[in-house]
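Protein chains: 2
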Amino acid sequence: MATFIPRLAKAQQKVAASNLDAVLISSPAATTYLSGCYLLTQTVIPEREAYVLITREGSISYLVCNIEEKMAREDSWIEDVQTYVEFKEAPATAVAKLLQQKCPNPRRIGLEPRALSAHSYQLLQQALPHCEFVSWDQPIAELMMIKEPDEIAALETAGRVTLAAITKALTEAMPGSSERTVFTAMMTDMMTQGLLPMFNVFTSGPNTLLVHGEPGSRILQPGDLIRLDVGGRWPSHYLSDMARTAVVGPPSSAQASNYQKLFQAQRETIEAVRPGIPVSELYQVCAQSYARQQIPFTMPHIGHSMGIGLHEYPLIHPGETAVLQPGMVLNIEPFLADTSRGEGYHVEDLVLVTESGYRLLTTPTPELIQLPV
Amino acid sequence: MATFIPRLAKAQQKVAASNLDAVLISSPAATTYLSGCYLLTQTVIPEREAYVLITREGSISYLVCNIEEKMAREDSWIEDVQTYVEFKEAPATAVAKLLQQKCPNPRRIGLEPRALSAHSYQLLQQALPHCEFVSWDQPIAELMMIKEPDEIAALETAGRVTLAAITKALTEAMPGSSERTVFTAMMTDMMTQGLLPMFNVFTSGPNTLLVHGEPGSRILQPGDLIRLDVGGRWPSHYLSDMARTAVVGPPSSAQASNYQKLFQAQRETIEAVRPGIPVSELYQVCAQSYARQQIPFTMPHIGHSMGIGLHEYPLIHPGETAVLQPGMVLNIEPFLADTSRGEGYHVEDLVLVTESGYRLLTTPTPELIQLPV
Numbered sequence: 035m036a037t038f039i040p041r042l043a044k045a046q047q048k049v050a051a052s053n054l055d056a057v058l059i060s061s062p063a064a065t066t067y068l069s070g071c072y073l074l075t076q077t078v079i080p081e082r083e084a085y086v087l088i089t090r091e092g093s094i095s096y097l098v099c100n101i102e103e104k105m106a107r108e109d110s111w112i113e114d115v116q117t118y119v120e121f122k123e124a125p126a127t128a129v130a131k132l133l134q135q136k137c138p139n140p141r142r143i144g145l146e147p148r149a150l151s152a153h154s155y156q157l158l159q160q161a162l163p164h165c166e167f168v169s170w171d172q173p174i175a176e177l178m179m180i181k182e183p184d185e186i187a188a189l190e191t192a193g194r195v196t197l198a199a200i201t202k203a204l205t206e207a208m209p210g211s212s213e214r215t216v217f218t219a220m221m222t223d224m225m226t227q228g229l230l231p232m233f234n235v236f237t238s239g240p241n242t243l244l245v246h247g248e249p250g251s252r253i254l255q256p257g258d259l260i261r262l263d264v265g266g267r268w269p270s271h272y273l274s275d276m277a278r279t280a281v282v283g284p285p286s287s288a289q290a291s292n293y294q295k296l297f298q299a300q301r302e303t304i305e306a307v308r309p310g311i312p313v314s315e316l317y318q319v320c321a322q323s324y325a326r327q328q329i330p331f332t333m334p335h336i337g338h339s340m341g342i343g344l345h346e347y348p349l350i351h352p353g354e355t356a357v358l359q360p361g362m363v364l365n366i367e368p369f370l371a372d373t374s375r376g377e378g379y380h381v382e383d384l385v386l387v388t389e390s391g392y393r394l395l396t397t398p399t400p401e402l403i404q405l406p407v
Numbered sequence: 035m036a037t038f039i040p041r042l043a044k045a046q047q048k049v050a051a052s053n054l055d056a057v058l059i060s061s062p063a064a065t066t067y068l069s070g071c072y073l074l075t076q077t078v079i080p081e082r083e084a085y086v087l088i089t090r091e092g093s094i095s096y097l098v099c100n101i102e103e104k105m106a107r108e109d110s111w112i113e114d115v116q117t118y119v120e121f122k123e124a125p126a127t128a129v130a131k132l133l134q135q136k137c138p139n140p141r142r143i144g145l146e147p148r149a150l151s152a153h154s155y156q157l158l159q160q161a162l163p164h165c166e167f168v169s170w171d172q173p174i175a176e177l178m179m180i181k182e183p184d185e186i187a188a189l190e191t192a193g194r195v196t197l198a199a200i201t202k203a204l205t206e207a208m209p210g211s212s213e214r215t216v217f218t219a220m221m222t223d224m225m226t227q228g229l230l231p232m233f234n235v236f237t238s239g240p241n242t243l244l245v246h247g248e249p250g251s252r253i254l255q256p257g258d259l260i261r262l263d264v265g266g267r268w269p270s271h272y273l274s275d276m277a278r279t280a281v282v283g284p285p286s287s288a289q290a291s292n293y294q295k296l297f298q299a300q301r302e303t304i305e306a307v308r309p310g311i312p313v314s315e316l317y318q319v320c321a322q323s324y325a326r327q328q329i330p331f332t333m334p335h336i337g338h339s340m341g342i343g344l345h346e347y348p349l350i351h352p353g354e355t356a357v358l359q360p361g362m363v364l365n366i367e368p369f370l371a372d373t374s375r376g377e378g379y380h381v382e383d384l385v386l387v388t389e390s391g392y393r394l395l396t397t398p399t400p401e402l403i404q405l406p407v
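Line by line, the protein sequences are chains B and R. Residues are numbered in this note's numbering as their position in the first sequence, beginning at 1, plus a constant of 34. Residues are numbered in this note's numbering as their position in the second sequence, beginning at 1, plus a constant of 34.
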């Protein structure tokens, strides 16, 4: 390796310390993480697979479709870039050949069963009939879980740009605008600042209970609640993911009260963040805040880590056994469904676990954002 | 079923005519196709699986994460909506239970190994140890291949809006704009017309050879080639996918000549489209046009079908045995790499196979689009 890449060194150590002969990484997020190269088609054309192969001896190769070779050579810090030709050879068959070159007589191979397709897994089994395949879902997730300073900076910038775009589009919306108009202004602002669109939940009025509703032509009415959850990629592959709730004109007392309770639950959860506590404790803190405030708590999870992947390990759910460590980031995103009013409230902010507690990477919004009337 | 849905009836017939007890559909495109419901999280959070289950007896169920239940009930025409709770139960385990309720003592089950994760496949094998699993990748692809009139109308609208936005953003670009500025104007126009952003290749000058490069801060210079390949979803889940090449100011004679040859190859390929010919013949027609015009032909495929999925079956490659049928749509997208100039040229248009030949769903652009200088 011409340049020393700490995450590759850590991955090599993990493989060397395991009882595996090699590891085949194939998920879009993890291959991007290890290679430094973001290949758009890995997500939009999933069958165009890319692999990072790490052997027990420490060799690292990056296998991509030949269509992506130029980008891989320019953007990746992995020097050994290999290619396959689509339709001539299945990517899994090509990586099995590469594996046998780099690691003669392999016996035990780590891979990502949650990301790899059953089809590619079957091809690997056929090409490597004497190999045992072992899940490396968890080791790679744990490697990616502790963010490096550059990653934290990218996530913080992406979050800051996203929050600024959300706030501007909502507070400067023209009265009588549609969901689509306000959403478009928000995304335009994000793109102008260099974020590429990633996902887009934007709902108003009765649609705010649709957890992942997308913007439509509905005209925003005074008193309407607006709930959005949007994200982008910056500079090429670190994500933002941010939920906010707003109201057209002044909120009703019920709306203001609902939001205050949700914000309070988010604040209590964030304030509980410190190294050494179980992730599941954050879930319990949030649930207890809901109970104390007598609002219905129904979420299977209340947040997740994030980086190149949207839902990275760990997710904040009651069965999670991970313990918070410095360098982890967590999106804390409680949701409140007021079914009597037919309204959904949502906030989401990104928090870094520090040596002594936490640092906010995005700034929570203590009041409902108001659109002009 | 309250409403008669032709595609569901066809799917039921296909299952009944097979030797399978049931079929489990899990790919985002095919579950959307069968259910009529687009779940954003199926692609951005792939582990949040959704399934359509069709039994030999004709029962149809739709299993979604309970977070998406409201949307599934509102948007899907499948009446039997079932849910699982994330982290309490793996989706594959939940669908195995549902399968045993709907289809006692199943023996042979169809599924989509190219879309299903190896992890979920293993969970299905554990939950249904007496079942044989058979690939239904091909039958579902063939079902989706013939487009219904509403689908063709959606694809045509999405393509028309996309082409208008591309043309407007390029021909009205301010001199001295960056890639990002022109790209943002294009996407803003698309979103204003109701398309949601899907993917975004936008390259200029030396980056035009990066097949899937994304927009950056590079300032567009007179004489620069611009190559883009963008798409969106309309109204919620039919795609556009369109490539165009442009130049800042008047093209050089080499640029104009390269484009004319590429356009000629696209035209000859489109004119060869008619029912009854093998898809691979289109590839050969394109390759022969390149050879006759003495330009290098290096593409593993020169196009693909499209609908809810970006690369739907069939792709236009030399090994494809499918034969063109009325109702198929094909994106015809030759690419020309002029490595001596360091430039990549690309066009992509959508064609419908009709009873007598073809109909263009988007209008090819016979000259390089010019940006003002």
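Some hints here could point you the wrong way.
One copy or two, it doesn't matter: identical chains are merged, so the pair holds either way.
[Unchecked claim] Derived SDA-like pairs: lysine to any residue, alpha-carbon spacing no greater than 20 angstroms straight-line:
(1) Lys44 to Glu103
(2) Lys131 to Asp171
(3) Lys48 to Thr373
(4) Lys122 to Glu315
(5) Lys202 to Thr388
(6) Lys131 to Arg194
(7) Lys104 to Gln47
(8) Lys104 to Gln135
(9) Lys202 to Thr226
(10) Lys44 to Ser95
(11) Lys136 to Phe233
Hints are computed from structural coordinates only; laboratory data are not their basis.
### Task
Check Lys44 against Glu103 for me: Cα-Cα at most 20 angstroms, and say if that holds within a copy, between copies, both or neither.
neither (26 angstroms within a copy, 41 angstroms between copies)
### Task
Up to 20 angstroms between alpha-carbons, please classify Lys122 paired with Glu315: within, between, both or neither.
between (51 angstroms within a copy, 17 angstroms between copies)
### Query
Within a copy, between copies, both or neither: where do Lys44 and Ser95 come within 20 angstroms Cα-Cα?
Close inside one copy (16 angstroms), not across copies (45 angstroms); limit 20 angstroms.
### Query
Can you tell me if Lys131 and Asp171 fall within 20 angstroms by alpha carbon in one copy, between copies, both or neither?
Neither. Shortest intra-copy (22 angstroms) and inter-copy (25 angstroms) distances fail the 20 angstroms Cα cut-off.
### Query
When no copy is specified for Lys202 and Thr388, does a C-alpha distance of 20 angstroms or less occur within a copy, between copies, both, or neither?
neither (30 angstroms within a copy, 48 angstroms between copies)
### Query
Which holds for Lys104 with Gln47 at a C-alpha limit of 20 angstroms: within a copy, between copies, both or neither?
neither (29 angstroms within a copy, 46 angstroms between copies)
### Message
Cα distance capped at 20 angstroms. Does Lys48 pair with Thr373 within a copy, between copies, both, or neither?
### Response
neither (48 angstroms within a copy, 41 angstroms between copies)
### Query
At most 20 angstroms between C-alpha atoms: does Lys131 with Arg194 qualify within a copy, between copies, both, or neither?
neither (45 angstroms within a copy, 44 angstroms between copies)
#### Entry: Within, between, both or neither, where Lys104 and Gln135 count as close if Cα-Cα is 20 angstroms or less
neither (23 angstroms within a copy, 51 angstroms between copies)
#### Entry: Alpha-carbon proximity context of Lys202 and Thr226, limit 20 angstroms
Both: 13 angstroms inside a copy, 18 angstroms across copies.
#### Entry: Within, between, both or neither: Lys136, Phe233 at alpha-carbon 20 angstroms
neither (39 angstroms within a copy, 35 angstroms between copies)
In terms of the numbered hints stated before, the structure departs from hints 1, 2, 3, 5, 6, 7, 8 and 11, listed from lowest to highest.
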